[in-house]
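Protein chains: 4
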Amino acid sequence: MTNKIHFQCDYTEGAHPAILERLATTNMEQTVGYGEDAYCDAARDKIRQACGNADLDVHFLVGGTQTNATVISHSLRPFEGVLAAETAHIAVHETGAIEHAGHKVLTLAATDGKISAQQVRTLMEEHLADSSFEHTVRPAMVYISFPTELGTLYPKAELQALRSVCDEYKLPLFLDGARLGYGLAAPSCDLTLAEVAQLTDVFYIGGTKVGALFGEALVISHPLIKSHFRYSIKQGGGMLAKGRLLGLQFDTLFTDDLMGKISQHAIRQALRIREALNACGIHFLVETDTNQLFPILPNAWLKQLESRFQFSFWQKTDEQHSAVRICTSWATTEDNVNALIEAIQLLHSKANA
Amino acid sequence: MTNKIHFQCDYTEGAHPAILERLATTNMEQTVGYGEDAYCDAARDKIRQACGNADLDVHFLVGGTQTNATVISHSLRPFEGVLAAETAHIAVHETGAIEHAGHKVLTLAATDGKISAQQVRTLMEEHLADSSFEHTVRPAMVYISFPTELGTLYPKAELQALRSVCDEYKLPLFLDGARLGYGLAAPSCDLTLAEVAQLTDVFYIGGTKVGALFGEALVISHPLIKSHFRYSIKQGGGMLAKGRLLGLQFDTLFTDDLMGKISQHAIRQALRIREALNACGIHFLVETDTNQLFPILPNAWLKQLESRFQFSFWQKTDEQHSAVRICTSWATTEDNVNALIEAIQLLHSKANA
Amino acid sequence: MTNKIHFQCDYTEGAHPAILERLATTNMEQTVGYGEDAYCDAARDKIRQACGNADLDVHFLVGGTQTNATVISHSLRPFEGVLAAETAHIAVHETGAIEHAGHKVLTLAATDGKISAQQVRTLMEEHLADSSFEHTVRPAMVYISFPTELGTLYPKAELQALRSVCDEYKLPLFLDGARLGYGLAAPSCDLTLAEVAQLTDVFYIGGTKVGALFGEALVISHPLIKSHFRYSIKQGGGMLAKGRLLGLQFDTLFTDDLMGKISQHAIRQALRIREALNACGIHFLVETDTNQLFPILPNAWLKQLESRFQFSFWQKTDEQHSAVRICTSWATTEDNVNALIEAIQLLHSKANA
Amino acid sequence: MTNKIHFQCDYTEGAHPAILERLATTNMEQTVGYGEDAYCDAARDKIRQACGNADLDVHFLVGGTQTNATVISHSLRPFEGVLAAETAHIAVHETGAIEHAGHKVLTLAATDGKISAQQVRTLMEEHLADSSFEHTVRPAMVYISFPTELGTLYPKAELQALRSVCDEYKLPLFLDGARLGYGLAAPSCDLTLAEVAQLTDVFYIGGTKVGALFGEALVISHPLIKSHFRYSIKQGGGMLAKGRLLGLQFDTLFTDDLMGKISQHAIRQALRIREALNACGIHFLVETDTNQLFPILPNAWLKQLESRFQFSFWQKTDEQHSAVRICTSWATTEDNVNALIEAIQLLHSKANA
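Chains as they are written, first to last, in this note's numbering: chain A, 4 to 356; chain B, 4 to 356; chain C, 4 to 356; chain D, 4 to 356.
Hints are supplied without guarantee of correctness; some may be wrong.
Which copy is meant is left open, because identical chains are indistinguishable; a pair holds if it fits in one copy or across any two.
Simulated crosslink set (DSS-like; lysine-lysine; CA at most 30 Å straight-line) [said to hold, decoys possible]:
#, residue 1, residue 2
1, K173, K229
2, K319, K173
3, K264, K353
4, K306, K319
5, K7, K49
6, K7, K173
These are calculated hints, taken from the structure and not from any lab test. What you are looking at is a predicted structure, and each value in this text was computed from that prediction instead of being measured.
Isolated chain A (complex conformation) (with noise of 0.2 Å):
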């Protein structure tokens, strides 16, 4: 449709070639709706085998702010909020869908895109020394995005400390995944899937952005999040009516471990890129081995690349220089991944002529 290479996101193609032929050859059969038919169910089964837990609910909904927003409304309390970073998807970019549904994000000042065990200690103690603590929203919830928006990771440590707080203040702890396979991909990763299920309360396994048409898998393993959970997707607007499309994607993903593999391959591209950049001796936003870099260039160099490929605009850090973000996904190719490193290597070389 456009000439440039697209790098701002990961959301730029259709599906991996096996969901979409998934879909053409049971496109005929007949059956039931709403996530109650036998391709939902494998796909269940075959996610709780992966997290190591047969007693985990799972779900299937459209889309992450529906899911958020669906998750959070569900688990809380009407004068209740749910913790975030100040960066969160929840606080910044989800139009308000959580105030919608009537809560409050009470943001945490963030570091790379992530909070830890001692903010929210702190602001629970904050909280119930308050003299006039029934005047301020109750924190009941604690949600953490993983990478987070800035492509950083909780190392296994750092999710422990937040599970030890999250219990002691019985605080559920909710996991945004919408990009997880990347971020369990990544070299620097030191939690597998089935540790973050146990860490924590509910989290989501994205498919939209790996590999997917559309579509997040939420796990729940809290008792009660998990109880009436479907009359909250419905209500949510998340019930999809042919609900087997979510099943036979997912159930295609945890095949052969599908999701693992093309994970590899983005995180593999983006190193790529990575090394590219560190070799021009250009520095990034914050340091990352997920699937979005966040390089700090030089205007000029923006104004070239620009005309051949797109990326998210981050922020301006001087009158010279800007951040940018580069998104690599199942979907990116070598060949386009090589354009940019050569076009960033020429742009180099002339800097240094």
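Chain A is fixed; fit chains B, C and D onto it per the hints.
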């Protein structure tokens, strides 16, 4: 997945093959997200043309409940409610999505799923004459479905009368067209798509039940509802990241009148079933010529039929009889209809033997 | 302010003189705010004692609509609704406050303002038997008013039956007692305050209509509703800064059974009017012995009466007759009742002359 | 109720004696309810006259949190938010009432409780320049408090600048005047009530903290906010049955400038305390000349003072010092202020001995 033939609803298969093929051929193209791509624009143009009005705003959302909640939430002020038939989808089958968005559904007694202009006028007159009117919800929008949840249609004269009373009381008229294609293809329908667009303030063309994998095309003529609508789509979770999937599907449905053709197929199959039932002396809960039939069958017949066919139980009509819903769709095969007709005829002949 | 005598409602005067005096004598005392003062605590103790249960939580809110919305919002999860008579205040006369808080009022056909245990059971059975139950609002609380909006009362047996069905389906039973004092003082009432407290999960004792300037005393026995309730009061705007005003009023009402005495006065006056109307052959829309009467009067009488008396128009019953509401209260004077009775007798004797 | 002298807030006593007397003399009069009585009308007229604008709509609500939530909910569309200082009452101390009504509070860094026109302009420019603006909450109203929660005031020039930027971006300007009387009476205030009315779209005159038992008088000039406002009052629980109680109180406050006189009294007492603290070399967290002072006191002093005086703890400023809030009000006695001043002087002289 099952040996039964499903007639219980119109979303048991995937998508029309032309749509799947379109998704496959464009799969690895890169486009921008969120409905701002060229495929969505092309689909918008075709829909505007089919509606005969270049000034319409067209948006694509994922599902019906989501579209209903988004439109109503976007259009009403907090103290306002929406009028609807007591059988309306928004009143019964959306788990309170409208109330979750803060609004009361002001239900009117329905005749075969429909409401009349006179009912709207009476309610408005009573509201305005009530000395404590500010203690009651302000009626501020009219919702109708076309076809209704009972498969019936508003003749043009009835829709014009509703338009009139809505103009008189400044009520936006919202038409839920989840099955609009089947309605326009019904023999008794005296309305065109362009007339639907002209007589309403906002309506949608259902894709989920009429050939698409999912998706509803929302068409807005009312200036206030037009304004800032994309914020509401995002807030309501309806802004698909890979928005082109919706554009591609509707572009296909509106190419060479595919939607019209496949709707006519569904109606033909429904009429064949209706004729067969009529020939057996079966009565109907309500007379319809769209893709939904509500025959009143002897329980004994149902018991036998249900080993091979799946219907939706609708209601008990007496000790020996029940009404069920039988749906056809773009995907209904001649063979399956033949099988159903033969089974009915066999039961009939046995009964009269 | 007007020469008419007001019988249209039970909140036309200020407060019982003992309350005003109490406010005056304590006026310049300094207390902490928000209901945490000693006067509120004293009132709480007296109410607990009157209810015969030291474990009850007692809160004071400003008005009835606010109390209803706060209790229901606090008690329900987002996908849940509250059962109520179609004539219930929350269903009709609160400008959708319950829906604004996100919840559907699931209305049941009312008999003289009341609902039955059997209606609740039927609705629960239907909900649970519905194969698409998750597509409908989950019924999760029962709301009744006592006396009802039509002045009627639940006999003990009916309230016990409601309690039973609520236990069976784990539904909290919420009793709106905006006019509770008048209900308990009615000749036909076979319930005590302690029994009301014992048979419900949460209820309130209305002050606004029974001697106070304003205020409702909410009494909670249900553990989940007890938990964190003050957050909801603050969020709902019901946490009065000078909370002692509420404590002082209820402390006065519960001293020497002031509430009982003034309620009996109101009932005596109502019964005098009822007797006079009966003697003139007047029928009633509904039989009541609380402080609300609904006589069906000839329009010609109404025209003459309305030059001196103010009633609430209720409904037209035929071309020549209308039902009106006549209320008495703690403030109704013998003289005003005498005046009304004489006027009625005069009209009667003229009509029979 | 306690032997301590309360300086922690400005709502520790009842009402100005003139108000109590007014309530007593009118107590047994009969009036219609819900703010439609002649006392409310008289108060409305006096407020309009004091504001110098006969076209203003005036409504009476019970409390501040309720008024804030009602105005904001009434004014915004679902995807819109309200700008406010991070220290604003609506952002911190209303248990998320704004979010409960569906709206995000878009907080700006505050300087002594205030925000600037430039901050509003920058946020609007950033929102409009953001390519994904529809994914963020639409900023659509500006909320300020006057005096602020920190006792500071907007000079006329700053309020005019806010008015200007609000005009430029079509943002209604909402001024929370819970302590408006004390603000207008401050020596540094260069604004009149009429100018406040002229420079804002909607504001309120606090009664709760300035001589009334309770109540806020809301003044609306903005046409859209005017429209249908009483529905929102009822929905929000703010429509007092005995509405005349509010009318009587504000009528009294606006007779012979009672509000002005009692506000000046409070300011005089605050300035006496400030002067005494200044004389002892005490610094303040923020410089104010309204009825709220925020002195930074040695913890050792606080420990001694708190046996006789009650302050609000505000924040720790270093290991040895804390800022507290000291409030005066219409009810503060010369004697109590004398006692406080003497106690401070004694601590000071001991410290310097």
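Hint by hint, here is what the structure shows:
Proximity of K173 to K229 under the C-alpha cut-off of 30 Å is found in both arrangements, the shortest distances being 16 Å within a copy and 18 Å between copies. Taking the shortest alpha-carbon separations for K319 and K173, only the inter-copy value of 28 Å comes in at or below 30 Å, while the best intra-copy value is 40 Å. Taking CA atoms no more than 30 Å apart as the test, K264 paired with K353 passes in neither setting, with 37 Å inside one copy and 60 Å between copies. In this assembly of identical chains, the alpha carbons of K306 and K319 lie at most 30 Å apart only when taken from the same copy (14 Å versus 50 Å across copies).
For a Cα distance limit of 30 Å, the shortest separation of K7 from K49 across copies, 26 Å, qualifies, whereas the shortest one inside one copy, 38 Å, does not. When the C-alpha separation of K7 and K173 is checked against a cutoff of 30 Å, the pair qualifies neither within a copy, at 49 Å, nor between copies, at 38 Å.
In summary, the structure is inconsistent with hints 3 and 6 from the numbered list given earlier, while agreeing with the others.
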